[in-house]
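Undergrad: Residue-level listing of the chains:
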Amino acid sequence: MNKGRFFIFILLMTTVLLATATLGLIVGQYPIQVEDLASVWSTQNSTAKLVILELRLPRIICAIFIGALLAVTGSCMQGIFRNPLVEPSFIGISAGAASAVVLFLVVLKPILIQYIPLNEFVIPCVAFVGSVVTVKIVINLASIQGRISIGALLLSGIAVNAFCGALMGICIYFADDAQLRSITFWNLGSLASISWREVYILTPIFIGGLLYLFLLRFKLDIASLGEDQAISLGVDMQSLTRRVVYSTCLIVGATVAFAGIIGFVGLLVPHITRFLVGANYKFLLIGSALIGSIVLLSSDIAARSFLDGAELPLGAITALLGAPFFIYQISKMRKEII
Amino acid sequence: MLEVKDLSVSIGNNQILRNVNFGFYQPNVVGILGPNGAGKSTLIKSLCGLPQYHIDGEINILNRPLAEWPLEELAKFRALLPQSYNIPFPFKVKDVVSMGSYPHNKGKQSIIDITNAYQIMEALELLDIREKLYTELSGGQKQRVLIGRVLLQLEYQSAYEKIVLFDEPTSSLDWRYQIQVLSLARSLVLSNCLIFIAIHDVNMALEYCDTLILMKNGELLNSFDTAEDIPISSLEELYEMKLEKILLTEDKVLIQNRAN
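One line per chain: the protein sequences are C and F, in this order.
So the first sequence is numbered by this note's numbering: it starts at 248 and just counts up by one.
So the second sequence is numbered by this note's numbering: it starts at 2 and just counts up by one.
Hints may be right or wrong, so weigh each one.
[Unchecked claim] Covered stretches of chain C (chain F as the covering partner; in silico rule of three or more C-beta atoms under 8 angstroms from a C-beta of chain F):
#1 281-288
#2 422-434
#3 474-483
[Unchecked claim] Quick list of in silico lysine-lysine cross-link-like pairs, DSS-like style, CA-CA up to 25 angstroms:
#4 C:250 / F:133
#5 F:217 / C:529
#6 C:529 / F:243
#7 F:133 / C:529
#8 C:250 / F:253
Hints are computed from structural coordinates only; laboratory data are not their basis.
Beta carbons are placed, not taken as given, at the ideal position from N, Cα and C, and that holds for glycine.
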């Protein structure tokens, strides 16, 4: 991919993203006509204005942020583990964050709230701690003599995901009605509870996270060659792995705290993007961010407009898109083995 | 340039190298010969300082212990070609070769970097496939692309003498490319380079290497300075088979299996 073609790609994807965002503003339980969009800003029509400004706009912005973040962290994780089948939710990052949040809400919060005031930053922090703990366990389990085996990594991910699922299952048993709803929400993912508050908290994570990972682009290219060659080219793989894994924990932890577990975006999007712009991380990270936003935004629009008066879980929609792709990848690997 | 004293290397409980000693102080082509499992790759990788090994003894590069060299500094004058050459993502050939300039430009390529990469691709006859995807190449093509990457890494001016570690650089190559690659490797001596080549083809080793190190069961058996020096009995002991040495010309010999 040369710079000119990449520029055209960016223009095209940005146009698609803006068109999808516009679609997101008008479709939903309260339909708004396209021609009314412009007038909404100036009029005092309270319902349409409220729906657009207070419900749909923050939700669209969050879908863009979260889609980009999940896709970019997925690309980076695949690079350091040198495997296109890795994504944050497979190795326990998302489940760890979600179960920590659920445990906190059901067990700790009712006790703590009596003694200390809890603000909106507590949940993302809890999610971060949960994801770091699980990812530490998974990576320790998967390390054989200092090297991470990809098979062991995915298997440890399954084990830790199962354990986190069990923890959430127990919490469901003890939870009251309101807590039950929130547990379902974290398990299946949704952008229904997004407001401007979440946008404000996610903005620095979005900008900081993407910039930080973009700075690692050349190192990630080198990492694709494998540890031996990366070290001979002066890239400290252990330090790079730590940087990518912990920043992914922070980023995915934050997205889980606000939107629950949204799987497969980090798996599907990097693959599509590599097909379109090639494997160079300079192009891959920017491309993944754009395509990730488009995929999550369209999934969210689908989630809230398929059913009348109700919403489908967002995580289920992304899994519906991503799982067939995962199966395709496995069948491709089978062919290569035969 | 490179000195190894009482080197023992183990992975987990498995000891792979035992009490290896050698030192090279001039640009030289060093062939490492030995049967499968002799420890050739482990020796090469431990000279590169890969973290999965437990190393006892000393490895000194330019009179400084290997562990004390910062990775980024080492990468400017020491390169490694590993045995496996799988890259899971669809990089273009020219992108993979260009990665060799990373230690010198940290990824920001200038015109000089690109020219250097093209010159190396030309020397390795890779120009025709430069736009192809690495994942779609044959084994031999992949190996030559990675050799290009290594050659580019050493193409730059360095304050120090250079060291390059080739782990079976010709394993997937046809005869013509074996000669091409080994000749290119040899020519690195002219740019002040100490070259290690782990190799299986004894005759190629005799032709292209100045010094031969014989390894077996993790130990260094012998080392010989010229091809004529090497007694047939050492090679017979090394490979556990009957061999004979045929003198082709005054300075060229051929080793072959002695029938019956």
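Undergrad: Against this structure, judge whether each hint is valid.
TA: Against the structure, the hints:
Given a C-beta distance limit of less than 8 angstroms, the hint that chain F covers the segment 281-288 of chain C is violated, as 0 residues qualify and 3 are needed. A stretch counts as covered by a chain when three or more of its residues have a beta carbon under 8 angstroms from one of that chain; for the segment 422-434 of chain C and chain F the count is 0, and the coverage is violated. Beta-carbon proximity to chain F at under 8 angstroms applies to 9 residues in the segment 474-483 of chain C; the threshold of 3 is reached and the given coverage holds. Distance hint between residue 250 (chain C) and residue 133 (chain F) is fulfilled; the C-alpha atoms sit about 18 angstroms from each other, no more than 25 angstroms.
Taking the CA atoms of residue 217 (chain F) and residue 529 (chain C), the gap is about 45 angstroms. The hint is violated against a cut of 25 angstroms. Simply put, residue 529 (chain C) and residue 243 (chain F) have alpha-carbon atoms about 56 angstroms apart, too far for the 25 angstroms limit, and the pair is violated. Of the pairs offered as hints, the one joining residue 133 (chain F) and residue 529 (chain C) holds, with about 19 angstroms between alpha carbons and a cut-off of 25 angstroms not exceeded. Of the supplied pair hints, the one linking residue 250 (chain C) and residue 253 (chain F) is violated, its CA atoms being roughly 53 angstroms apart against a limit of 25 angstroms.
Comparing the model with each earlier hint shows violations of hints 1, 2, 5, 6, 8; every other hint is respected.
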